[in-house]
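*Asks:* Chains as they are written, first to last, in the working numbering: chain A, 86 to 321; chain B, 86 to 321.
Rather than coming from a laboratory, the hints here were simulated on the basis of the structure. It is possible that part of the hints are untrue.
Which copy is meant is left open, so a pair is good if it fits within one copy or across any two.
To be verified - Computed list of lysine to any residue pairs in SDA-like fashion (alpha-carbon distance at most 20 Å, straight line): (1) Lys-222 <-> Arg-274; (2) Lys-222 <-> Arg-277; (3) Lys-144 <-> Asn-116; (4) Lys-144 <-> Val-121; (5) Lys-222 <-> Asp-145; (6) Lys-222 <-> Gly-270; (7) Lys-222 <-> Ser-276; (8) Lys-144 <-> Ser-122; (9) Lys-222 <-> Gly-278; (10) Lys-144 <-> Glu-103; (11) Lys-144 <-> Gln-128; (12) Lys-144 <-> Ala-120; (13) Lys-222 <-> Ser-273; (14) Lys-144 <-> Asn-119.
Number of protein chains: 2
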Amino acid sequence: MVRKPTSKETARKPNMREAILAAAEELFATNGFNAVSVRDIAQAAGANPGSVTYHFKTKDGLLLEIYRRHCGPMNLRRFELLAAAKRVRDLQDRLEAIVRAYVVPAFTSGSDLAGGGARFTRLRAVMSAEGNEVARKIIAQTFDDTSHAFIDAIHESLPHIPRTDIVWRSHFLLGALYYSLVTPGRVSRLSRGEADGGDAASAIEQLVQATVAAFQAPPLDHAAPARRRPVVGSKT
Amino acid sequence: MVRKPTSKETARKPNMREAILAAAEELFATNGFNAVSVRDIAQAAGANPGSVTYHFKTKDGLLLEIYRRHCGPMNLRRFELLAAAKRVRDLQDRLEAIVRAYVVPAFTSGSDLAGGGARFTRLRAVMSAEGNEVARKIIAQTFDDTSHAFIDAIHESLPHIPRTDIVWRSHFLLGALYYSLVTPGRVSRLSRGEADGGDAASAIEQLVQATVAAFQAPPLDHAAPARRRPVVGSKT
DNA sequence: TGATTTCTTGTACGATAGTACAAATCACAT
DNA sequence: ATGTGATTTGTACTATCGTACAAGAAATCA
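Turn these sequences into a full structure, and let the hints steer you where they fit.
*Replies:* Structure follows, in structure tokens:
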């Protein structure tokens, strides 16, 4: 019934390898890289510790493979959505579509893996916070192109805003995005149960709406000090 | 010449203890909790590993003491600034003052410690990402009051926005704030050197401006689906 | 000064970390 | 069926982890 693949070249035993990857992804994203041992991962995947070494050589190699697995598909999807967004005529709608094109793939599946999008984005957030070397290199290589593309697209929608301001605001967007995935419980807590911080759809809508407004804010006047500053000065 | 304090009760040998605290703060904030060993801290502080055990008993105890050291002063300062902000008459200016009252103490010194504000906030960001247990407890206990106070104040300035939306947006604010301290280099990189992500003043101004606009965004229509959604759908 | 408390040092112990490797097992083409 | 390469297992090695503790040095008080 099912056509078995050629076996040569391709490793047709995705069971363990995939299970290890999934377990590592989950554990790294939840507890950080250093807090998780190879043995923890193996146990969660129902595998032997030696199996991890066999498939990925080192713990760093395992992390590297996780990134390799997700970066391509997620960025591909972002570029697809960005291309579609750029075709939106109405400027306000276009900006919203661009932001959405950036946000959505981070929450939903970036590839064919089920629900892996949010998990992987959370992993990136944690690795970023920990200053992980392996992650830093890949991020700078793989995501800066994407970021520049989005920044340029946003800049085209808002020509009167200096590029510097747009960079700052897109940086804030990524921070908000990360934090929403890292600590969803805080939203539920602070809203006293009225909002569900873990609900991806709500998070996306809230984030898109807020971010679009932030991008549209008047530019910072770099030259003129302008407009009296609100009080807030020395204590008492 | 210098009047020595009473010696009783107060430990008048802040040298080592303070050095260890400062070193731990810096290392934890940079590399995360688990990546830093007690020996690393001792070496950075010019102390003996046993000295850390003597002063703080455990590694968790050391982290706990760092939080104890900063939480009080930072929240105190926030409440002072919040009280001042609430007295601002103009609604737009008041909102900006409130946001500023939240942001400024996170960047500048939260206590008498030199430049400790940003470092401690960065530490909180990293601990949050790592899901650290010790940090989580303190955060929920110490900062939720502050957060609620700010959310309420913002809600008073923007009565037409549902509280839920304000919670989300203040959550985004904290995420953006954290991320700005965690990865300042990214801003410099993406702006091609035009902006300095490490400059606290710029970060504050950009963050305040963007966040005020985000708070002022129209509320999400929870009932009506409303307003056609921008295209962005299936692939190709 | 001598007694006593406070801090620092050096060292050690058990636990666990990442990784290596030989033996056992499995999948499959012939 | 059988041999061959791919995978899994079990175990071991070394390094480093957090912490404990006794002995030494410094500071403080009578």
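*Asks:* Indicate which option fits the pair Lys-222, Ser-273 if close means a Cα-Cα distance not exceeding 20 Å: within, between, both or neither.
*Replies:* between (34 Å within a copy, 16 Å between copies)
*Asks:* If the cut is 20 Å between Cα atoms, do Lys-222 and Arg-274 qualify within a copy, between copies, both or neither?
*Replies:* between (35 Å within a copy, 13 Å between copies)
*Asks:* If the cutoff is 20 Å on CA atoms, where do Lys-144 and Gln-128 land: within, between, both or neither? Let me know, please.
*Replies:* within (15 Å within a copy, 27 Å between copies)
*Asks:* Tell me, please, which holds for Lys-144 and Val-121 at an alpha-carbon limit of 20 Å: within, between, both or neither?
*Replies:* both (10 Å within a copy, 18 Å between copies)
*Asks:* How do Lys-222 and Ser-276 come out at 20 Å by Cα distance, when the copy is not named: within, between, both, or neither?
*Replies:* Classified as between: cross-chain Cα gap 18 Å, same-chain 37 Å, threshold 20 Å.
*Asks:* Are the CA atoms of Lys-144 and Asn-119 at most 20 Å apart within a copy, between copies, both, or neither?
*Replies:* For Lys-144 and Asn-119, both the intra-copy (10 Å) and inter-copy (15 Å) Cα distances are at most 20 Å.
*Asks:* Checking Lys-144 and Asn-116: alpha-carbon separation at most 20 Å within a copy, between copies, both or neither?
*Replies:* both (15 Å within a copy, 17 Å between copies)
*Asks:* At most 20 Å between CA atoms: does that hold for Lys-222 and Gly-278 within a copy, between copies, both, or neither?
*Replies:* The answer is between: 19 Å across copies meets 20 Å, while 39 Å in one copy does not.
*Asks:* Between Lys-222 and Asp-145, at a C-alpha cutoff of 20 Å, which is it: within one copy, between copies, both, or neither?
*Replies:* within (12 Å within a copy, 31 Å between copies)
*Asks:* With 20 Å as the alpha-carbon cut-off, assign the pair Lys-144 and Ala-120 to within, between, both or neither.
*Replies:* both (12 Å within a copy, 14 Å between copies)
*Asks:* Within a copy, between copies, both or neither: where do Lys-144 and Glu-103 come within 20 Å Cα-Cα?
*Replies:* Classified as within: same-chain Cα gap 15 Å, cross-chain 35 Å, threshold 20 Å.
*Asks:* Could you place Lys-222 and Gly-270 in one of the four classes (within, between, both, neither) given a Cα distance threshold of 20 Å?
*Replies:* Result: close only across copies, 13 Å inter versus 30 Å intra.
Checked against the numbered hints given earlier, this structure breaks none of them.
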